[in-house]
Structures are given as structure tokens and as C-alpha cells.
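**Q** The lines below spell out each chain.
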Amino acid sequence: MTAPAPGAQLTRLSLVEAADAVRKGEVTSLALTKAALDAFSAGDKAVNSAIALHAEDALEAAHGLDKLRTAGRSLGPLHGVPLAHKDMYYRAGKRCTCGSKIRKEFRPSYTATAIERLEGAGSITVGALNMAEFAQNPTGHNAHFGDCHNPWHLDYCTGGSSSGSGASVAARFVYGALGSDTGGSIRLPATMCGVTGIKGTQTRVSRYGAMPLSFSADNVGPLARTARDCARLLRIIAGHDARDPTSSSEPVPDYEAGLDGDIRGLVIGIPTNFFFDGADPEVVAAFEAAMKVLEARGARTVRLAVPHMDAVNTYVAIVSRVEGATIHAQWMRDRSQDYNAHLSGRMYSGYAIPAVHYLEALSRRGPILRTVGREVFAKCDVFAAPTIRMKVPTLAATDIDAGAPGSVEAFAAISANTRAINYLGLPSVSVPCGFDSNGLPIGFQVQGRPFGEGRVLRIADAYQRDTAWHTQVPQLVSARS
Amino acid sequence: MSQEIDRQAVVQARLWSGVEPPNRAGEEFARGLAEIAKGFEAQRGQLAFEDEPSSFEAALDELKETAR
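Residue numbers (this note's numbering), protein chains in the order written: chain A, 1 to 481; chain B, 1 to 68.
You can trust all of the hints, since none of them are fake.
Here are the simulated lysine to any residue pairs, SDA-like style, with alpha carbons at most 25 Å apart:
hint	chain 1	residue 1	chain 2	residue 2
1	A	104	B	21
2	B	38	A	326
3	B	64	A	362
4	B	38	A	412
5	B	64	A	367
6	B	64	A	242
7	A	379	A	297
8	A	67	A	121
Don't read these hints as lab results, they were simulated from the structure.
Modelling step: build the complete structure from the supplied sequences, incorporating the hints.
**A** As C-alpha cells, this is what we get:
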């Protein structure tokens, strides 16, 4: 065994590096877990990414995993790796707030399948992470537990709704985290915090034990530092679950084995409509530079129109709003004052949307997806676009509860590119590709055919072989080292 | 139109769901429905409904990646 690295250095490893180090006996799970908890202690007062830390349980689990490893046993590819998850994944008997006052003391009686699978593969859950209340804002505001702050600049949004997941991974507190994505809630914090995040094809990952927001568009997925990290996490959580009858039976490939850097001959579509409307020039420049990197690796880019985007943009604006309003109806009647104003306000509008329009939106989802298949995937293997069109906004400029001018419109603008992909149900990975003039990260997203998670991850990994944006750390991390 | 939809939202939410306007943000989001309604209006006649049964999950399966 080599000399133990200082804790601050351990937290700089990628998830795969950390798991491999434990497997080889180069570091103990206890050391990784202590380092993670120390990192939270040192940095989370400013970032506010955690709602609760389970230090005692985590250290006990780490000790047990180290004993197993010493005995020559391994639970799986995450053996001994500390993770933390958005506080909407149920763990039997553990408090699960969903970022809300309403569920502040909620203790579910069962555990989410995604959590069971991650812990079954040897990971340790060190804490529950901050999030938008009931996973319903794209910024990271939360009046109940305090806003989550972007580790790159504390005045700026983390992105939401998986705010703590993006922030804690970027701040090198944990190696990876579950988020959830109904309109971009994995990819928005991934891009704004400078980490990698993937939502799979709709139905790819079981939603059993994950707080529901929208029956039609909810997805469970990981945020981590690299595409390879995401590949490892996604393979573990993906696949059919008898307890979620909506989960797909499609076999789950070994995504990590497909990360060979070879993207020669792959055709990447770049939309000529919708996805760049009003985009900030700095974001466009970073995106175009990223495409050049992929071209240099042998991919080819083609410009093409994605059909029916006006319809997609219209339909997606109501689906999750109506479904969320349905789920929350009793609380909206009985205790609407217990929600953040931006959330009760948004859900309120859902009760005024005619059922015929909701059904129109849902019934056209399949036909529109088929048209996209015919007109887009006939010409390219994947298509790419900026994850968000604007530079990362400040918390102040997007604070609806404080009455910030234009903040209601900003909510819709932030998730324009991501939520459209949820309507189409396609797999989508967000990858960091630069920094704006404020020093905040920029990212791009790659969409593939249904169940093409392996391909979008391969492209993301190929990009990360030639760039170092994903290895950059915020100053607060450098200060710890 | 936005003021009209704001008033309609109050009636609809109260009548069908028993939900009252929670705050000013609720009124603002309700007014925003006017823009979405315009989007629906623009779609009229653009997309026909298919006679045959269709499902989103079937479309996902039909278009799935084959070479992974």
C-alpha cells in the first residue's frame, strides 16, 4: 500500500479512480469517507449543498466495507465509494424532505431501487442533498433549507432542481450523486456547476422510491465528474425493476466498456432551429469549439432542422405542470402557504390548463418522436446543442419569491433546451466545455436515439480525453488542498 | 388576453380543483398561460391525429439504438 494521500487530495480523484484505488488496496473506504465528510465540513457552510449528513452511519459502513475487502470480498464496482443523493430518494426509516417544509419530517417505509442498487454495488450514502422544493425549479433556490450556491461563485445559481447534487460534486465533496431530471434537473446543475450528468431514455431507470413530480417525464440519473463515472453509475441503476412497471426491459450494456475514445465516422447533428434562439455568443463560441474537438477526433458534423420544435416547446410547457399540480392538489388546497411562492405559483397555473390540451400534448408525443427519428436520426447518430442558451444567472436575478423582475420568464428560458429533450424521451448527457466571462461553467448536451446511452457517453468521454474542463476545480476546492 | 386568462384561471382552479390563488406569483404564472395558449393555437391544423393506436413507449422501442 502506498502512503495515504491527504484527505483533500483524495477528494480530487474521479469516482472510477477512487473505486479502483479501494479495489487495489491503495486507500481505504474509511479514508475516502472521512475525506468526504471533512470536505463537507470545510466547504459546505458556504455552498449549502447538503440537507443532512449521515456521518456515523457512513463511517460504520465504510469500516464494514474495509473489513470485507481485507477478507477478499467486494460488493461491486462502487465498493467503498462515498456518494450523496438528492433528498428525494427514499431510504426506509430515514428522513426524506424532498426539499420541502411539507415533508420535513417524512420518513418513508421503503428504499428506492436506485439507492438499493448503488449501495448493493458497494457505495456509501453519506448524506441527503439540497434540491429545489419538490424538484420544481431550474435555479437552486430553496427558502426552506437555504439556497444552494454555485461553488464557482457563490452569488450564482447552481441550476436545479438537483442543486446539491451538482454543487457537491463540483465542490469535490462527493464523487457522484443521484439527481432527477423532468425538464433538465440533472443537466442544468451539471452544466452550471461544471460537472457531467446524464438522463437516460425515458423508462431506462426505475423510479420506484423516487419522489414523483411528473409521471410522463421523470428520470433518475447520476451527476459525476466524468463521463466514465456516469457510465459506471448508470449501468448500476439502469434496467427493469418489477416494482416500477414503467421501467424498460431493454438490456443494459456495459457502458464503460464502450468508452474507447473512437468516434471516427460518427455523425453529430447541430440543429439549425430552436436550440440556438437568442443564445449568448459566449455559449455559442464554447459550443462550436467543442464540436471542433469532436471533429478532430474523427466525428463529422451536419447542420439540420429538428422538426416540430414549436409543438414540442408548447406541449412540454404544460405536461409536468399539470402532472405536478395533480400530485400536489390536496396540499395546494390545505396548505399552499407552506410552499415557496415560485412553486405554489407555478403549480397553481396547472389547474387552469384544459384537459384536452394536456391530452393533446401527451398523444402527440409518440408521433413527434417518430418524425424526429425519420428526419434527424436518419441523417446523424446524435445531435448536440448548448445545455442552456444563456450564461449562468445569479440567484438574485432569478428569485421569484423576492419579486425579481423577469424572473418568471427566466425560469422558462433556463430549461428551454433541456425540457424539450424530456418530451422526446431521449437520452442526453451534459458535458462541461468552458467558462464564461463571469468565470462560470458552460456545457453542451448530446442526445442519442432511445436506449443510445452508450453512444452519447462515448462521445462525452472522447471529448473529455482531449479537454480538461471537467478537471477544473473551483477556488474553494483549491483552498482546501 | 392575459388578464382574461388570469380571471379564467381563478374560476377554473376554484371550480374543478378547489384551489385558490396562493400569491402574486400564481397570478403571474397564470397570465403566462396566454403565451402557451397561443402556442396551441399555432399548432391547429399542423398535426393530424392518427387513426391507429399509438404509444410513446412503442415509438421509443421502434427508434432504439441498435449498434451499441
